[in-house]
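For the record, the sequence lines run as chains G and H. For the first sequence, our numbering gives the first residue as 1, with consecutive numbering after it. For the second sequence, our numbering gives the first residue as 1001, with consecutive numbering after it.
Mixed in with the good hints, there may be bad ones.
Computed from the model, here is a short list of chain G residues facing chain H with C-beta under 8 Å [said to hold, decoys possible]:
| # | residue |
| --- | --- |
| 1 | 97 |
| 2 | 99 |
| 3 | 117 |
| 4 | 123 |
| 5 | 128 |
| 6 | 142 |
| 7 | 234 |
| 8 | 266 |
No wet-lab data here; the hints were simulated from the structure. Predicted model only: the values in this text are computed from it and were never measured. We put the CB at the ideal spot given by N, CA and C, even for glycine.
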Amino acid sequence: MQEAVSQFVQDGMTIAIEGFTAFICFAAAHEIIRQQKHNLTLCRLTPDLVYDQMVAAGTARKLIFSYLGNPGVGSLHCIRRAVEQAIPNPLELEEYSHFGMIGRYLAGASNLPFFPLQSYKGSDLPKVNSQIRFIESPYTGEKIAVVPPLKPDVAFIHAQRADRHGNTQLWGLIGIQKEVAFAAHHVVVVVEEIVPEETIRRDPNRTLIPGLVVDAVVCEPFGAHPSYVQGYYDRDNAFYLAWDKISRDQVAVEAWLSEWVFDVPDRATYIQKLGTERLAQLQPGEWFAEGVNYGRYSPNSQTDHGGIYDQSG
Amino acid sequence: MTAPVTPAERMIISAARALYGHRVVFVGVGLPNIACNLARRTHSPGLELIYESGVFGARPARLPLSIGDPALVTNATAVMSMADLFLFYLQGGRVDVALLGGAQIDRFGNLNTTAIGDYANPRVRLPGSGGACEIATNARHILIIMRLKKRAFVSKLDFCTSPGHLEGSNSRQNLGLPGHGPVQVITDRAIFDFATPAKEMRLTAVAPGETAESIQKEVGWPLNISPSLNQMPHPTPEELRLIREELDPQGLYRQ
Chain G
1 MQEAVSQFVQ DGMTIAIEGF TAFICFAAAH EIIRQQKHNL TLCRLTPDLV YDQMVAAGTA
61 RKLIFSYLGN PGVGSLHCIR RAVEQAIPNP LELEEYSHFG MIGRYLAGAS NLPFFPLQSY
121 KGSDLPKVNS QIRFIESPYT GEKIAVVPPL KPDVAFIHAQ RADRHGNTQL WGLIGIQKEV
181 AFAAHHVVVV VEEIVPEETI RRDPNRTLIP GLVVDAVVCE PFGAHPSYVQ GYYDRDNAFY
241 LAWDKISRDQ VAVEAWLSEW VFDVPDRATY IQKLGTERLA QLQPGEWFAE GVNYGRYSPN
301 SQTDHGGIYD QSG
Chain H
1001 MTAPVTPAER MIISAARALY GHRVVFVGVG LPNIACNLAR RTHSPGLELI YESGVFGARP
1061 ARLPLSIGDP ALVTNATAVM SMADLFLFYL QGGRVDVALL GGAQIDRFGN LNTTAIGDYA
1121 NPRVRLPGSG GACEIATNAR HILIIMRLKK RAFVSKLDFC TSPGHLEGSN SRQNLGLPGH
1181 GPVQVITDRA IFDFATPAKE MRLTAVAPGE TAESIQKEVG WPLNISPSLN QMPHPTPEEL
1241 RLIREELDPQ GLYRQ
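If we strip away everything but chain H, and leave its shape as in the complex, we get (with noise of 0.2 Å):
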């Protein structure tokens, strides 16, 4: 008998699902990049995955340990420079979807890569941008892939790394972003789009025992919740065998 299904493999299975119908997608590292190369197995053989290392068109034997993996570059369609690949793919408006992450988001879909507290003096000093920006400036659309926790998911950001829909409405539009912005955030527990004139982040399915109470106790702001709510897809036998034996066997990501 299987293992039961654990919310992290439901969520990476949702984001492989929300990229059907894509065919060119910006791939980050750790989870992003497990969604992506579940969906290039599953439904979409031809989903075109590109990497901020200069990549187009990834087709990798072994699932990359980073963004940076020469695993990436063996059998890939076009290998180029870091400028060409942000120039003309990224800028150029090539890119369908793209995947991002944070530690902080907001009602927007505004998201916090760089630090907790006061710029100057972090609580906790993370990452920064990588391309994290210019992605969420330029990507046709954006999927947000991170974990419902209530510190995460915050009424206002400590620190703006990359613009989601900004204050709400057109203001995304109005200061001249050429993406749409966010189109989904996708979690363990939880998925939320942002359909509304408003822009912001609206519940539409929950994760199975879970319901719009459980899910706002872990948002720091009064949840728009959809008038049908689903529940989030249940994984195949085939997607959870892929994600467990061949794209995380060790369990990094999927715990």
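If we strip away everything but chain G, and leave its shape as in the complex, we get (with noise of 0.2 Å):
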């Protein structure tokens, strides 16, 4: 992770680290805190505590979301200190709704030069944000609005699992794991387990985001604590509550940054000091799928054709 946030993130760069509520990449951000980037614009449908803790630590200039909240808990303190009375930093915002960024990483993923949609109508958003226009339908004249496409210099894509070419597949609530990695230009996936192809293969369908697209695989388990993944660990809410405490102190939040972000070297050493209790605690119970069959096509099985297409006699 170190050398993959060295080699990819810069100074100014527009960063996403996405997931909805699930895949969340702490591992990432807390190694982008480490190494002190500064001036980043952040992409985010909901910040979530991941941006709180990076606003908090001084990396970000900018924040391009569509819900600024703690998920059934409250306020992103921290974001709001820097938005309110700019600590450490002052803060841009760039307000959406979510389908609004969903487009906008559409429209980046797909080379398109904007994404139209049904929202903002009546909406004193595109008041507040010039870059939600209004185009007319060239076909019916009709008014619709309009988001430009986002292309992050940098994404970071937790997921389930890899090859080590960068074949990625998710499960679960897989967000927009898959835009956000075709709209960006350069990709880090990090995954709990790295695979062989031969895995990867056996379930094609599964695979959201080709190696293709993909400059990095980092291995790096329970990487997305306090948020979850699928299968693997269950969300720690008790940390998201907890969160909720200590971010309306910024005393207090720099003292957290320096106990499991800046006195830990890496993933590994903060796992270790979460605990195994911890962990066992957000273990999930089983529940597998069904297999189902691909089929098997081997290369003569289909070369006796039984005279059905040969009627020329």
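Dock the two chains into a complex; use the hints.
Listed below in structure tokens is the structure:
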């Protein structure tokens, strides 16, 4: 992770660490904080604790987002402090709705100049964000909102597994991981396990992100904690509640960042510090899918047509 | 003897019952989450729950702590990308009804979840839209669920995040919004509808002990009152048991 961040993340870049409640790569965020990157533009539908921590650590200049809250708990106090009091730095906001953010990634991923959507008619959001504009349909003349493409310089995508070529499989709340991966200029995939290429090829429908668009693969077990990975570990809801208290005070936040980010060299040490007991509490039970038959098609399985296409005599 | 019904419980149960007859409901976090799961466990076992996190036909074994809870995935009918969900299910017109709330609402059911005060210099910065703007735009019907408070029921929103009936009458239709907009506002003390040509909020039911006058005191404009003012529905013992023992055992929402 240290290598991936130092190679791909530079001051002033636009970064996306996505994942909707699930698959949020805190390991990447903490490494960016440790390497003291600055002036980043951070994109995420839901900035969540991950960007609250990055903003508190002074890495960010601007936020592009659609929901600014601690899900199920309340506010993101560090981001509010930055916006309202410029602590530790001023923070610029560029605000959409979820579908607007999704449309931006879709346009970015598919090389379109904009993405049209039915949202924003009658809403005040276009009044405070000049990037949300209206055009006329060339077919019906109806007014429709459009959003511009978003192409992050680097996206960090957390997932269950990938092979060493970066072919990546996810299941559960896949969010917009695929869209952001195809939209970004560089992609770092972070996985719970590296699996043989054979494992990926046995279930190709589950491959969301091909190695084709992946620049680096990092194996980082529990790299999404306190977020979660379906089937591997549950969300650490106690931490999301605890952060509500910690994050109210910049001094407490800095103490937390020292203890859990700056004073641990890597994710493995963080996990060790968290302790096996806490991790055991987050262990879900098992619930396997039934396998599916993709079919075996051997080279000579269709050489004998039985004459059905050969009616010429 | 069971504890008396709280106003919040009456609100949750009224919202759950308002879902009767609908097939597909778009579920938000908090109060809507409890109301939808209550509806599914009482009168509408076939109700399909959609969560913006990408889940259709959720059958959560535990009450989801957020709309991104892993329990929503296990045993669901379908799990998909958020792009698929917003494009095909929501904007594609497959959602019958959605529940929304807000920090402010005006007489036409427009909602503010963005900021109190000036947007650039807010007194309170709220979370923002999330999916609310497109839910309010595209779901066929909207049920609004929020507590009745003078500072929430305002004559003018500080910011319109999610469109309701805009300026009333046909203004929503004229602007070309696909969904029909809000049909009811369900609160802890009263229920309102929009079933007049002006599409203005109208008081239709009150909780026990409340009157049109006591409700008017919490509303920032002169209330339109239905000629046949009803009582809010009274919870059954089974509805109360489900809320208290299974859906909100810690009492986060029902107090």
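Here is what the structure says about each hint:
1. Because the smallest distance between the Cβ of residue 97 of chain G and any Cβ of chain H comes to about 4 Å, under 8 Å, the interface hint for this residue holds.
2. Hint status for residue 99 of chain G: holds, given a least beta-carbon distance of 4 Å to chain H, under 8 Å.
3. Of the supplied interface hints, the one on residue 117 of chain G holds, with its beta-carbon coming within about 7 Å of a beta-carbon of chain H, less than 8 Å.
4. Taking 8 Å as the C-beta cut-off, the interface hint given for residue 123 of chain G holds, the closest approach to chain H being about 5 Å.
5. Taking 8 Å as the C-beta cut-off, the interface hint given for residue 128 of chain G holds, the closest approach to chain H being about 5 Å.
6. A distance limit of 8 Å between C-beta atoms decides the matter here; for residue 142 of chain G the minimum to chain H is near 6 Å, and the interface restraint holds.
7. Taken as an interface hint, residue 234 of chain G checks out: its beta carbon lies about 6 Å from the nearest beta carbon of chain H, inside 8 Å.
8. A cut of 8 Å between beta carbons decides the hint on residue 266 of chain G: the least distance to chain H is about 26 Å, and the hint is violated.
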